[in-house]
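Student: Below are the chains, spelled out letter by letter.
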Amino acid sequence: MINKVIGVSGNMVSVEYTGEATMNEVCYIITGDKKLKSEVIRVKGNVADLQVFEMTSGISVGDTVEFSGDLLSVQLGPGLLGQVYDGLQNPLPELAEQCGFFLERGVYMAALDDEKEWEFNPTVEVGARLEAGEQIGFVKEGLFNHWIMVPFQLEGVLTIESIKEEGKYSLNDVLAEARDEKGNLHQLSMVFNWPVKRAIKTYAERLKPEETLITKLRIIDTFIPVAKGGTYCIPGPFGAGKTVLQQITSRYADADIIIIAACGERAGEVVETLKEFPELIDPKTGRSLMERTIIICNTSSMPVAAREASVYTAVTMAEYYRQMGLNVLLLADSTSRWAQAMREMSGRLEEIPGEEAFPAYLESLIAAFYERAGIVRLKSGDTGSVTIGGTVSPAGGNFEEPVTQATLKVVGAFHGLSQQRADARKYPAIHPLESWSKYEGIIDQQKTEYGRSVLFKGDEVGQMMKVVGEEGTSLDDYIIYLKSEFLDYVYIQQNSFDPVDAAVEPERQQHIYDIIIDILTARLDFDGKEEARSWFNRVRQNFLDYNGKKWNSDEFNDLEKTISELLDDKKIGVEADAESLWAGESRRG
Amino acid sequence: MQKVYSKIESISGNVITVKAAGVRYKELAVVGSRYGSSLAEVIRLKGDEVALQVFNGGRGVSTGDEVRFMGEPMKVSFSPNLLGRIFDGSGRPRDGGPELADTMVEIGGPSVNPAKRIIPRNMVRTGIPMIDVFNSLVESQKLPIFSVSGEPYNELLARIALQAEVDIIILGGMGLKYDDYLFFKDTLEKGGVMSRTVFFVHTASDPVVESLLVPDIALAVAEKFAIQDKRVLVLLTDMTNFADAMKEISITMEQVPSNRGYPGDLYTQLASRYEKAVDFEGSGSITILGVTTMPGDDVTHPVPDNTGYITEGQFYLRNGRIEPFGSLSRLKQLVNGDTRDDHRAIMDGMIKLYAAYKESLEKKSMGFKMSGWDEKLLTYGQLFEQEMMDLSVNIPLEDALDKGWEILGGCFEPEETGLRSDLIEKYYSSKV
Ligand SMILES: Nc1ncnc2c1ncn2[C@@H]1O[C@H](COP(=O)(O)OP(=O)(O)O)[C@@H](O)[C@H]1O
Ligand SMILES: [Mg+2]
Chain X
38 MINKVIGVSG NMVSVEYTGE ATMNEVCYII TGDKKLKSEV IRVKGNVADL
88 QVFEMTSGIS VGDTVEFSGD LLSVQLGPGL LGQVYDGLQN PLPELAEQCG
138 FFLERGVYMA ALDDEKEWEF NPTVEVGARL EAGEQIGFVK EGLFNHWIMV
188 PFQLEGVLTI ESIKEEGKYS LNDVLAEARD EKGNLHQLSM VFNWPVKRAI
238 KTYAERLKPE ETLITKLRII DTFIPVAKGG TYCIPGPFGA GKTVLQQITS
288 RYADADIIII AACGERAGEV VETLKEFPEL IDPKTGRSLM ERTIIICNTS
338 SMPVAAREAS VYTAVTMAEY YRQMGLNVLL LADSTSRWAQ AMREMSGRLE
388 EIPGEEAFPA YLESLIAAFY ERAGIVRLKS GDTGSVTIGG TVSPAGGNFE
438 EPVTQATLKV VGAFHGLSQQ RADARKYPAI HPLESWSKYE GIIDQQKTEY
488 GRSVLFKGDE VGQMMKVVGE EGTSLDDYII YLKSEFLDYV YIQQNSFDPV
538 DAAVEPERQQ HIYDIIIDIL TARLDFDGKE EARSWFNRVR QNFLDYNGKK
588 WNSDEFNDLE KTISELLDDK KIGVEADAES LWAGESRRG
Chain G
221 MQKVYSKIES ISGNVITVKA AGVRYKELAV VGSRYGSSLA EVIRLKGDEV
271 ALQVFNGGRG VSTGDEVRFM GEPMKVSFSP NLLGRIFDGS GRPRDGGPEL
321 ADTMVEIGGP SVNPAKRIIP RNMVRTGIPM IDVFNSLVES QKLPIFSVSG
371 EPYNELLARI ALQAEVDIII LGGMGLKYDD YLFFKDTLEK GGVMSRTVFF
421 VHTASDPVVE SLLVPDIALA VAEKFAIQDK RVLVLLTDMT NFADAMKEIS
471 ITMEQVPSNR GYPGDLYTQL ASRYEKAVDF EGSGSITILG VTTMPGDDVT
521 HPVPDNTGYI TEGQFYLRNG RIEPFGSLSR LKQLVNGDTR DDHRAIMDGM
571 IKLYAAYKES LEKKSMGFKM SGWDEKLLTY GQLFEQEMMD LSVNIPLEDA
621 LDKGWEILGG CFEPEETGLR SDLIEKYYSS KV
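Top to bottom, those sequences are chains X and G. Residue numbering for the first sequence is 38 to 626, as defined by the working numbering. Residue numbering for the second sequence is 221 to 652, as defined by the working numbering.
FYI, nobody ran anything at the bench for these hints, they're computed from the structure. All residues carry an ideal CB built from backbone N, CA and C; glycine is no exception. Please note that a few of the clues may not be correct.
[To be verified] Have a look at the derived ranges for each label pair, beta carbon to beta carbon:
{"no.": "1", "chain 1": "X", "residue 1": "Gly82", "chain 2": "G", "residue 2": "Glu229", "range": "19 to 27 Å"}
{"no.": "2", "chain 1": "X", "residue 1": "Lys475", "chain 2": "G", "residue 2": "Ile471", "range": "41 to 49 Å"}
{"no.": "3", "chain 1": "G", "residue 1": "Glu579", "chain 2": "X", "residue 2": "Glu316", "range": "51 to 59 Å"}
{"no.": "4", "chain 1": "G", "residue 1": "Glu579", "chain 2": "X", "residue 2": "Leu470", "range": "46 to 54 Å"}
{"no.": "5", "chain 1": "G", "residue 1": "Thr323", "chain 2": "X", "residue 2": "Gly179", "range": "43 to 51 Å"}
{"no.": "6", "chain 1": "G", "residue 1": "Glu607", "chain 2": "X", "residue 2": "Asp605", "range": "38 to 46 Å"}
{"no.": "7", "chain 1": "G", "residue 1": "Pro515", "chain 2": "X", "residue 2": "Asp513", "range": "47 to 55 Å"}
[As the list claims (entries may be wrong)] What the simulated footprint calls covered on chain G by chain X, stretch by stretch (three residues with Cβ under 8 Å from a Cβ of chain X suffice, anywhere in the stretch; the number is not a length):
{"no.": "8", "region": "229-243"}
{"no.": "9", "region": "454-466"}
[Claimed, not checked] DSBU-like mimics (lysine-lysine), calculated; alpha carbons at most 35 Å apart, straight line:
{"no.": "10", "chain 1": "X", "residue 1": "Lys253", "chain 2": "G", "residue 2": "Lys239"}
{"no.": "11", "chain 1": "G", "residue 1": "Lys651", "chain 2": "G", "residue 2": "Lys572"}
{"no.": "12", "chain 1": "X", "residue 1": "Lys566", "chain 2": "G", "residue 2": "Lys589"}
{"no.": "13", "chain 1": "G", "residue 1": "Lys295", "chain 2": "X", "residue 2": "Lys71"}
{"no.": "14", "chain 1": "G", "residue 1": "Lys295", "chain 2": "X", "residue 2": "Lys72"}
{"no.": "15", "chain 1": "X", "residue 1": "Lys253", "chain 2": "G", "residue 2": "Lys646"}
{"no.": "16", "chain 1": "X", "residue 1": "Lys587", "chain 2": "G", "residue 2": "Lys651"}
{"no.": "17", "chain 1": "X", "residue 1": "Lys71", "chain 2": "X", "residue 2": "Lys177"}
{"no.": "18", "chain 1": "X", "residue 1": "Lys312", "chain 2": "G", "residue 2": "Lys450"}
{"no.": "19", "chain 1": "G", "residue 1": "Lys246", "chain 2": "X", "residue 2": "Lys503"}
{"no.": "20", "chain 1": "G", "residue 1": "Lys584", "chain 2": "X", "residue 2": "Lys598"}
{"no.": "21", "chain 1": "G", "residue 1": "Lys246", "chain 2": "X", "residue 2": "Lys81"}
{"no.": "22", "chain 1": "G", "residue 1": "Lys295", "chain 2": "X", "residue 2": "Lys566"}
{"no.": "23", "chain 1": "G", "residue 1": "Lys295", "chain 2": "G", "residue 2": "Lys444"}
{"no.": "24", "chain 1": "G", "residue 1": "Lys584", "chain 2": "X", "residue 2": "Lys494"}
{"no.": "25", "chain 1": "G", "residue 1": "Lys266", "chain 2": "G", "residue 2": "Lys295"}
{"no.": "26", "chain 1": "G", "residue 1": "Lys239", "chain 2": "X", "residue 2": "Lys71"}
{"no.": "27", "chain 1": "G", "residue 1": "Lys623", "chain 2": "X", "residue 2": "Lys587"}
{"no.": "28", "chain 1": "X", "residue 1": "Lys219", "chain 2": "X", "residue 2": "Lys253"}
{"no.": "29", "chain 1": "X", "residue 1": "Lys494", "chain 2": "X", "residue 2": "Lys321"}
{"no.": "30", "chain 1": "G", "residue 1": "Lys227", "chain 2": "X", "residue 2": "Lys41"}
{"no.": "31", "chain 1": "X", "residue 1": "Lys41", "chain 2": "X", "residue 2": "Lys177"}
{"no.": "32", "chain 1": "X", "residue 1": "Lys71", "chain 2": "G", "residue 2": "Lys623"}
{"no.": "33", "chain 1": "G", "residue 1": "Lys651", "chain 2": "X", "residue 2": "Lys607"}
{"no.": "34", "chain 1": "X", "residue 1": "Lys234", "chain 2": "X", "residue 2": "Lys416"}
{"no.": "35", "chain 1": "X", "residue 1": "Lys608", "chain 2": "G", "residue 2": "Lys227"}
{"no.": "36", "chain 1": "G", "residue 1": "Lys578", "chain 2": "X", "residue 2": "Lys253"}
{"no.": "37", "chain 1": "G", "residue 1": "Lys646", "chain 2": "X", "residue 2": "Lys598"}
{"no.": "38", "chain 1": "G", "residue 1": "Lys589", "chain 2": "X", "residue 2": "Lys494"}
{"no.": "39", "chain 1": "X", "residue 1": "Lys234", "chain 2": "G", "residue 2": "Lys266"}
{"no.": "40", "chain 1": "X", "residue 1": "Lys81", "chain 2": "G", "residue 2": "Lys651"}
Make the full structure from the sequences, and use the hints.
Tutor: Listed below in structure tokens is the structure:
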């Protein structure tokens, strides 16, 4: 079989081939002493167009191309956790050891260590009848029992004909033999490959995402929650706080495993994570955060085609761990760079462009990507989930652009970041009124609705004040305005650099939200606006200090008392629209 | 090994095609025309048809001109002999000095393995409160000045370059006005740093496409110095000219534009340059300060917009001042935690109050009665602009923080500042 390069344009290479070519097949372009990995993205007659996962300089017409016969795949097995991979699952620290400061092209390394030994515990016996995705045993990977499963691509029911005893084995050792219905014998080890662009579907059924995925950010958990197995997006102009928000989430979110897909953005941001996580201890487990994290890092100056692959690499690993009954959170920053990578290729392919030159199939690809999130009941009866949160980087900060719009159609929650809020240092700069979520949060909905209505009315009064001035605003309206500012300042805003305020447990959120509701619903007795403003300033001051104190510490309790005294001093009843809130509930204090 | 062809098949804009065999993608060629020779780079291969972008432009190129393929990509000489020298956009001497040919290094090389980067940790002190206090600059940061023509962005660039403690300064000029070129030269000479500076300057009168090489050449040289443990500061002005040159080529190549005529890979192209900013584990660093002029003063224009998504913040220079809104140093939190315990609080608190001042100002301009609170904010805003924002202010960070407390104390009661009690106790003193 002779396959030759006949054209090069950017990172696309056209190849005249003989024999067969498969869509998404991996090929190697042989140029000089290098073999450059690439993927078939179009076949037309005897010409295959490849996207090359490397810089294409030096490729010449006539260079030979090898077709591998395999689809672009990742290796799945124990040892993925804690790793830092590029978009094609090359381990970056190992590459650095071999090549030094720079990413040399054409160097590919095994994703998993095939020498390391793992303690295998069989869970089935000879004669067991299993389907793809079912467990034959497990190894201990850090905190988790890493299931060794029947490879997902095997069809039908397989009968176990032999299985190894408990003991130490390495990655490629045969642990079991299984015969399929057609009589073929398969050797099972700890590891197998799976093509990244195909969703893993070896589960019993998909469930509705209902349980809140706690992020420990008040605005999210209380007002615009995320669900385990759900999807959400964070669009925002540059500098509004998308990446910081994801970094915070990757630290504090209550998921078993976090997969970070650093897709086409700054390398420096990933470096922060990959240098800090090994040092950070997860209070829940007492282990380093890195042990529950995988980083897929294909930053903006790394090859564009590999950037396109990187989100699929990430989601495939997420699905893999979901198959073990774990809750996985995939954070992709930024999905727009992935979309742009597709746009670049589409342009090279000279496809008919859609809006802003994005390909016409953009929407369906975005939908298919988020569709890979979900909570599932496995064949074992356990449940596992993949939650996907993707940032979107809209051109010009305008949400009316193709990627944001296509994403909004498919996600379950929208955390829209606002430039104005970021400018005013109101972090996290999620817009509390424009954002939404279809999932259930940790606080009674009536109460969150009340808070939201205060924000809404406060915003209206604020707008009105811009027209009629403060003197043209009634005291009652002014108080609503102050209440909404107060809620914003002490609850919606959160200081991620404060050791206590950075992550707020659900109990604390519920506890302090009740105090806030007390204040928001109170009828307050003020002589005038000046008095009202200065009272709110004082309460705010105390509340800020309170937010910085350890849960249930003496200082915390003292400040709570001060706040409640301040309130008692001015409170003369409950707002009429709030009475139903307390109905059926015994009044506090 | 050089192949020579003497028939040019097509000439369109700055792109020519020839029929040739064995040519490599991104290979360099020399096009010899009646008006002198020019470098050209292979930008597409299609069968035996080779498309090249001609750095001196297509003007005057004739179908009978000779195209000589060099068999290798664009390279630049790297040695200490570069220091103190001035070159043009494609690396030829502009200062009358000798041509350099020792240790030729490839430009536009591979990107740094993220695993070999370290978290930046050294603050670059500039003496400018709007930078030091509110948006600290950090060694290895990549940060552009967003501005419009007429603003003193080149002056600001030069001022920071002189103040920063770096080993090597590399100036990459793209479409630089001749006066500005002379300004940089004079200023750096007077500042006594010329002997550790290299200029790669493409001026407004040079062929537009030639500016495409400037960032790659400047950064390739910077990279070599940096892995020799040098702290390098690269100044790139004006990156909008660079982007416009790219736009020109892509239109000639009939690529589908994504936004206002710019190619769909504008982001990737800009990122592959800016991402050269780095702090190498166990070695030197590259800091990039750029200028991005915003056509029509519009930050949503594709060039500033894509830039903002790539760089680690930006300084908005408007009316001769660095605007607090929109200006951002994304790396500030890496260094402002251990300067002084009030640094972060002052940084956020004063800006929040300044935002409130802007609202009061708006109300005032609409003729509303000013409340006592509004009056306080108005006084505060004016003081803030005079004592903090004015670019003539040149004081160390610590003095600027003290100045901040002085302004707060002069305008507000403690709880009006919105700052935490422990800091108030330590630093606040009322002068109301
Ligand atoms: N929650 C936050 N708390 C404090 N500062 C923040 C927060 N979010 C963002 N910032 C500031 O804004 C800068 C930009 O945020 P980033 O997340 O990188 O923006 P984006 O990814 O949207 O471009 C950060 O470097 C930081 O200085
Ligand atoms: Mg970001």
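Student: All the hints need checking, so say for each whether the structure fits it.
Tutor: Here is what the structure says about each hint:
1. Roughly 25 Å separates the CB atoms of Gly82 of chain X and Glu229 of chain G, a value that falls within the hinted 19 to 27 Å.
2. For Lys475 of chain X and Ile471 of chain G, the Cβ-Cβ distance of about 44 Å falls inside the hinted range of 41 to 49 Å, so the restraint holds.
3. For Glu579 of chain G and Glu316 of chain X, the hinted distance range of 51 to 59 Å is not satisfied, since their beta carbons lie about 42 Å from each other.
4. Between Glu579 of chain G and Leu470 of chain X the Cβ separation comes to about 18 Å, which falls outside the hinted range of 46 to 54 Å.
5. Restraint check, Thr323 of chain G to Gly179 of chain X: a C-beta distance of roughly 47 Å satisfies the suggested window 43 to 51 Å.
6. For the pair Glu607 of chain G and Asp605 of chain X, the beta carbons lie near 42 Å from each other, so the given range of 38 to 46 Å is met.
7. Hint check: Pro515 of chain G to Asp513 of chain X, Cβ distance near 48 Å, so the stated range 47 to 55 Å holds.
8. Closer than 8 Å: that is the beta-carbon criterion, and the region 229-243 of chain G has 3 residues meeting it against chain X, so the requirement of 3 holds.
9. With 0 residues bearing a CB less than 8 Å from a CB of chain X, the region 454-466 of chain G misses the requirement of three and the coverage assertion fails.
10. Note on Lys253 of chain X and Lys239 of chain G: the hinted pairing is violated, with a Cα-Cα distance of about 63 Å set against a maximum of 35 Å.
11. Between Lys651 of chain G and Lys572 of chain G the CA atoms are separated by roughly 21 Å; this keeps the pair inside 35 Å, and the hint holds.
12. A distance of roughly 14 Å separates the Cα atoms of Lys566 of chain X and Lys589 of chain G; the hinted pair therefore holds under the 35 Å criterion.
13. Taken as a hint, the Lys295 of chain G and Lys71 of chain X pair is honoured in the structure, with Cα atoms around 20 Å apart against an allowance of 35 Å.
14. The straight-line distance between the Cα atoms of Lys295 of chain G and Lys72 of chain X is roughly 23 Å, inside the 35 Å bound, and the hint therefore holds.
15. A threshold of 35 Å between alpha carbons decides the hint, and for Lys253 of chain X with Lys646 of chain G the separation of about 31 Å falls inside it, so the pair holds.
16. Pair hint Lys587 of chain X plus Lys651 of chain G holds up; C-alpha atoms about 34 Å apart against a cutoff of 35 Å.
17. Restraint check: the Cα-Cα separation between Lys71 of chain X and Lys177 of chain X comes to about 38 Å, which exceeds 35 Å; the hinted pair is violated.
18. For the hint pairing Lys312 of chain X with Lys450 of chain G, the CA-to-CA distance comes to about 23 Å; that is within 35 Å, so the pair holds.
19. Between Lys246 of chain G and Lys503 of chain X the alpha-carbon distance is near 58 Å, which puts this suggested pair outside the 35 Å criterion.
20. Straight-line distance between C-alpha atoms of Lys584 of chain G and Lys598 of chain X comes to about 39 Å, which puts the hinted pair past the 35 Å bound.
21. Taking the CA atoms of Lys246 of chain G and Lys81 of chain X, the gap is near 26 Å; set against the 35 Å cutoff, the hint holds.
22. Note on Lys295 of chain G and Lys566 of chain X: the hinted pairing is violated, with a Cα-Cα distance of about 70 Å set against a maximum of 35 Å.
23. A C-alpha spacing of about 13 Å is found between Lys295 of chain G and Lys444 of chain G, which places the hinted pair at or below 35 Å, so the restraint holds.
24. For a cut-off of 35 Å, the pair hint linking Lys584 of chain G to Lys494 of chain X stands: about 23 Å separates their Cα positions.
25. Of the supplied pair hints, the one linking Lys266 of chain G and Lys295 of chain G holds, its CA atoms being roughly 25 Å apart against a limit of 35 Å.
26. Pair hint Lys239 of chain G plus Lys71 of chain X holds up; C-alpha atoms about 26 Å apart against a cutoff of 35 Å.
27. Annotation: proposed proximity of Lys623 of chain G to Lys587 of chain X holds, straight-line Cα distance about 33 Å (limit 35 Å).
28. A hinted pair counts as satisfied when its Cα atoms are at most 35 Å apart, and Lys219 of chain X with Lys253 of chain X does not qualify at roughly 51 Å.
29. A distance of roughly 39 Å separates the Cα atoms of Lys494 of chain X and Lys321 of chain X; the hinted pair therefore is violated under the 35 Å criterion.
30. Distance check on the hinted pair: Lys227 of chain G and Lys41 of chain X sit about 26 Å apart at the alpha-carbon level, within 35 Å; holds.
31. Annotation: proposed proximity of Lys41 of chain X to Lys177 of chain X is violated, straight-line Cα distance about 47 Å (limit 35 Å).
32. About 60 Å separates the Cα atoms of Lys71 of chain X and Lys623 of chain G, which puts this hinted pair outside 35 Å; it is violated.
33. Taken as a hint, the Lys651 of chain G and Lys607 of chain X pair is honoured in the structure, with Cα atoms around 30 Å apart against an allowance of 35 Å.
34. Taken as a hint, the Lys234 of chain X and Lys416 of chain X pair is honoured in the structure, with Cα atoms around 23 Å apart against an allowance of 35 Å.
35. Restraint check for Lys608 of chain X and Lys227 of chain G: the C-alpha separation of about 91 Å exceeds 35 Å, so the hint is violated.
36. The suggested pairing of Lys578 of chain G with Lys253 of chain X holds, with an alpha-carbon distance near 33 Å, which does not exceed 35 Å.
37. For the suggested pair Lys646 of chain G and Lys598 of chain X, the alpha carbons sit about 25 Å apart, so the restraint of at most 35 Å is met.
38. A distance of roughly 23 Å separates the Cα atoms of Lys589 of chain G and Lys494 of chain X; the hinted pair therefore holds under the 35 Å criterion.
39. Under the criterion of a C-alpha separation no larger than 35 Å, the hint pairing Lys234 of chain X with Lys266 of chain G is consistent with the structure, at around 30 Å.
40. Distance hint between Lys81 of chain X and Lys651 of chain G is unfulfilled; the C-alpha atoms sit about 79 Å from each other, more than 35 Å.
Hint check: violations occur at hints 3, 4, 9, 10, 17, 19, 20, 22, 28, 29, 31, 32, 35, 40; the rest are consistent with the structure.
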